[in-house]
Amino acid sequence: MVLAYLLSVIFTQPVVTMEAEAIQPVALRPVANLKAKDTPNDAGQSIDLSWELSPDSARVKRYEVYRAESAKGPFEKIVEFLVPTTAYTDADTLLRNKKDYYYRVDVVGELESRASSEIAGPVQAKPEWFNTNRIPVLVFAVVYGLLLILYIEFAKRDREMFVRRIAGLDAIDEAVGRSTEMGKPILFSFGIGYLTDVATLAALSILRRVARRAAEYETRILVPNYDPIVMTAAQETVKQAFSEAGRPDLYQEGDITFLTADQFGYAAGVNGIMLREKPGTVFLQGVFYAEALILAETAHSVGAIQIAGTNMATQLPFFIAACDYTLIGEELFAASAYLDRDPQLLGSLKSEDIAKLITVGLIVVVSVVGTIGAVLTSVSGESGILRSLTEFFNSGFERLVSFLTTS
Amino acid sequence: MNFSTILGIWIAATLTIAILSFLYRDNPLYKFAEHLYVGVSVAYWVIYAAKFTMEQMVVNVFADNWQAFLETGSATAFLEAWILVIPTALGFLMLTRWFGPRVGWLSRWPIAFTIGRGAGLGITGSIQGILLPQVQATFLPLWTPDLWQVVANLLLFIGVISTIIYFYFSRPHKGLLGGVSRVGITFIMVSFGAAFGYTVMSRVSLLIGRLYFLVYDWIVGTVDFFKALL
Numbered sequence: 001m002v003l004a005y006l007l008s009v010i011f012t013q014p015v016v017t018m019e020a021e022a023i024q025p026v027a028l029r030p031v032a033n034l035k036a037k038d039t040p041n042d043a044g045q046s047i048d049l050s051w052e053l054s055p056d057s058a059r060v061k062r063y064e065v066y067r068a069e070s071a072k073g074p075f076e077k078i079v080e081f082l083v084p085t086t087a088y089t090d091a092d093t094l095l096r097n098k099k100d101y102y103y104r105v106d107v108v109g110e111l112e113s114r115a116s117s118e119i120a121g122p123v124q125a126k127p128e129w130f131n132t133n134r135i136p137v138l139v140f141a142v143v144y145g146l147l148l149i150l151y152i153e154f155a156k157r158d159r160e161m162f163v164r165r166i167a168g169l170d171a172i173d174e175a176v177g178r179s180t181e182m183g184k185p186i187l188f189s190f191g192i193g194y195l196t197d198v199a200t201l202a203a204l205s206i207l208r209r210v211a212r213r214a215a216e217y218e219t220r221i222l223v224p225n226y227d228p229i230v231m232t233a234a235q236e237t238v239k240q241a242f243s244e245a246g247r248p249d250l251y252q253e254g255d256i257t258f259l260t261a262d263q264f265g266y267a268a269g270v271n272g273i274m275l276r277e278k279p280g281t282v283f284l285q286g287v288f289y290a291e292a293l294i295l296a297e298t299a300h301s302v303g304a305i306q307i308a309g310t311n312m313a314t315q316l317p318f319f320i321a322a323c324d325y326t327l328i329g330e331e332l333f334a335a336s337a338y339l340d341r342d343p344q345l346l347g348s349l350k351s352e353d354i355a356k357l358i359t360v361g362l363i364v365v366v367s368v369v370g371t372i373g374a375v376l377t378s379v380s381g382e383s384g385i386l387r388s389l390t391e392f393f394n395s396g397f398e399r400l401v402s403f404l405t406t407s
Numbered sequence: 408m409n410f411s412t413i414l415g416i417w418i419a420a421t422l423t424i425a426i427l428s429f430l431y432r433d434n435p436l437y438k439f440a441e442h443l444y445v446g447v448s449v450a451y452w453v454i455y456a457a458k459f460t461m462e463q464m465v466v467n468v469f470a471d472n473w474q475a476f477l478e479t480g481s482a483t484a485f486l487e488a489w490i491l492v493i494p495t496a497l498g499f500l501m502l503t504r505w506f507g508p509r510v511g512w513l514s515r516w517p518i519a520f521t522i523g524r525g526a527g528l529g530i531t532g533s534i535q536g537i538l539l540p541q542v543q544a545t546f547l548p549l550w551t552p553d554l555w556q557v558v559a560n561l562l563l564f565i566g567v568i569s570t571i572i573y574f575y576f577s578r579p580h581k582g583l584l585g586g587v588s589r590v591g592i593t594f595i596m597v598s599f600g601a602a603f604g605y606t607v608m609s610r611v612s613l614l615i616g617r618l619y620f621l622v623y624d625w626i627v628g629t630v631d632f633f634k635a636l637l
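These protein sequence lines map, in sequence, to chains A and B.
Numbering (this note's numbering) for the first sequence: 1 to 407.
Numbering (this note's numbering) for the second sequence: 408 to 637.
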C-alpha cells in the first residue's frame, strides 16, 4: 500500500506539472461579421449592432462591446454579456445624432485572453421622420378618416339616421324627472379621468344633456371633480346647457367643484356628499378604477337611481351589479350622437360602425385563409397542386398577420 | 418599537376604524376622517404640483437650458428653454376665469388644446395599442391538429366577432344580427363575471391586509410596546 502510494505520488507529480504548463491563455477567435447601423424607425440616439458568435464560443467567458468616436480610439466599454449574445442596441443617452461612432466587440476567455473583432463604423444615429412599422396605423386612420368625412356628409343630408336603442341613455330624462319629483339634487361624477380620456369627453356630452334637463326641471346638479381641468370643462358645459335651456339664472358655479386629485380621497369626498345631500339620481360616467363600487354602493344606500357608464372593463362588472343602468364601453362613446343627433356626431358613429364591419370582414377573411392553409397542410403530399395551394394560403396568412404587426 | 412608530400606528388604526365605521352609518368620526383625508390629499397634490410640475418641469428646465444657451450658444438649448412659454401661458390662461366673463373666455383655449390633444393622441393610441393587436390576435386558423386549440381558437373567433356586432348601432338588433349580438353580450357577461370574481378576491385580500394591520401592528404591537416599557 505504502509503495503504491509513493509510486502514485512520484508518477502523478510530473503530470500536474504538465497541466500547469498547459494552462496558458489559449488564443480565441473573435466574433465575425460585426455590423453597426442606425436603429430604424426611431427618434435617433440609437445604433443597432449585430455579429456572429466566435467559433470558440464554448470557451468564451464574456462578450464586451466597445465604442469610440474615432477608428483609432480610445474605445470605451459600454456593455458586457456573460452569455452568448449576437446583438445589442446602443441607446446610451450620451449618444449624439449625426455623429460618427465606431464599435468593436471583444471576446474574453480563460485567464483574460481576448480577441477583438474588426472595427465597425463609422455609423451615425439618425432620427426618422416616419416609422414604417406604423403604416397599418396610418392605413386604418386614413380609411377611418375618409369614412368619417363621407358619413358626416350623409348625416347632414339625413338627420334621422337610425341609431339602435340604448337603454341607459333613454333613462336619463326619467332619472332627472325622478330627482325633480323627489325634490332632491342630481349628482354627476366623472370618476378619476382626465380631459385627455375619451371616456371623459363622452361623459361631458352626457352631462350637457343631464344639465339641460336639470335646468328645464329647475333641479340642482352637483358635479364634484377629481381633476381641475375637467372641473373647468364641466363648469363650461353646465353653464352652456343652462343657457340653452333658457335658465342661465339657475347656474351655480359652486355646485361644480374640485374635491381632490387623490383617488380614495375623492371617493371619500363624493361618498360624504351623497350621504349629506341625498341625491335622487347619480350619474357615474367616465373613467373609474377601484372607487367604482364604493361610489355605486353608497349611491344605492341613499336610494338614488344610478346610471353608470365607463370603458374600464375591470369596473364594468361592478357597475352592472350595483347600478340601474350601465353604458358599456362603446355605448358611452355613442351617447353624444344618440342624445344630440348632431350630424358630425352621427356621422362619426356611423363611420365607426362601418369600420367595425370592415374589421369583422378582415378577421373572417384572414381566419378562413389560415384555416384553409392549415387543413391543406394536414392533407397535402410532397408535390402537386395541393402543395402549391398550401404554400399559397400559408404564406398569405403569414403576410396578412405580419402586416398588422406594429411597434 | 419606539414611541413615534407606535403613535403613527395608533393614528393609522384610529383613522381606519373611523372610515370603517361608515359600514354602520354616517357619523361624526367618519366625517372627521373623510374631511381630514380630502384636506390632506388636496394639500399633498398642491405641493406635488408646485414642486414636481412647476419647479422641476418648468422653472428648473428653463433655468438649465437658459444657462446652457448662455454658456454654449446652443440653439437647441435656447429653443428648449423658450418652448416652455407655450404650456406656461396655457396654464396662466386657465386662471383668467378668476377675473370674470370679460377675460374668462380665454380659459377655453387651454381646454380646447387639452381636448384636441387628447382626442388626437387617443385615436392613434387606440388603433396602435388596442385595435390592431386585438385584430391580429384574432387572426387564427380554425383548424389545428390539437382539438383543444381548435376549441380555443373558435371561442376567441366567435367571441370577438359577436362582441363587435353587439356594439353595432346602425341597425336594429333583430333576426340574425340580434342573434349574433345576444351571443356577444353573453361573452361580455361571462368575461365580466370572471373579472368580478377576480377583483372581489383582490379586494378581500386588501381587507385581510387591513385587518392584519389592526390585529398585529396595532393591538399586538401596542401590547409589546407596553411590555417593553414595563
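It should be emphasised that the hints constitute simulated quantities derived from the structure, not laboratory data.
All residues carry an ideal CB built from backbone N, CA and C; glycine is no exception.
It is possible that part of the hints are untrue.
[Claimed, not checked] Pairs of lysine-lysine residues, derived as PhoX-like cross-links and limited to a Cα-Cα distance of at most 20 Å, are as follows:
(1) A:Lys-35 <-> A:Lys-72
(2) A:Lys-98 <-> A:Lys-35
(3) A:Lys-35 <-> A:Lys-126
(4) A:Lys-98 <-> A:Lys-126
(5) B:Lys-438 <-> A:Lys-278
(6) A:Lys-356 <-> B:Lys-581
[Claimed, not checked] Which bits of chain A does chain B cover? Going by a derived footprint, with three or more residues having C-beta under 8 Å, they are:
(7) 102–112
(8) 127–137
(9) 188–199
(10) 320–334
Hint-by-hint comparison with the structure:
1. A C-alpha spacing of about 18 Å is found between A:Lys-35 and A:Lys-72, which places the hinted pair at or below 20 Å, so the restraint holds.
2. Note on A:Lys-98 and A:Lys-35: the hinted pairing holds, with a Cα-Cα distance of about 18 Å set against a maximum of 20 Å.
3. Of the pairs offered as hints, the one joining A:Lys-35 and A:Lys-126 holds, with about 16 Å between alpha carbons and a cut-off of 20 Å not exceeded.
4. A hinted pair counts as satisfied when its Cα atoms are at most 20 Å apart, and A:Lys-98 with A:Lys-126 qualifies at roughly 6 Å.
5. For the proposed pair B:Lys-438 and A:Lys-278, the alpha carbon gap of about 15 Å is at most 20 Å, so the pair holds.
6. The suggested pairing of A:Lys-356 with B:Lys-581 holds, with an alpha-carbon distance near 18 Å, which does not exceed 20 Å.
7. Note: the segment 102–112 of chain A has 0 residues with beta-carbon separation from chain B under 8 Å; the three-residue rule is not met and the coverage is violated.
8. Only residues whose C-beta sits within less than 8 Å of a C-beta in chain B count toward coverage, and the segment 127–137 of chain A has 3 of them, enough to reach three; the restraint holds.
9. Requiring three or more residues with a Cβ within less than 8 Å of a Cβ of chain B, the coverage given for the segment 188–199 of chain A holds, as 5 such residues are present.
10. Counting residues of the segment 320–334 of chain A whose beta-carbon sits less than 8 Å from any beta-carbon of chain B gives 7, enough to reach three: the coverage restraint holds.
Going down the numbered hints, you'll see the structure goes against just number 7.
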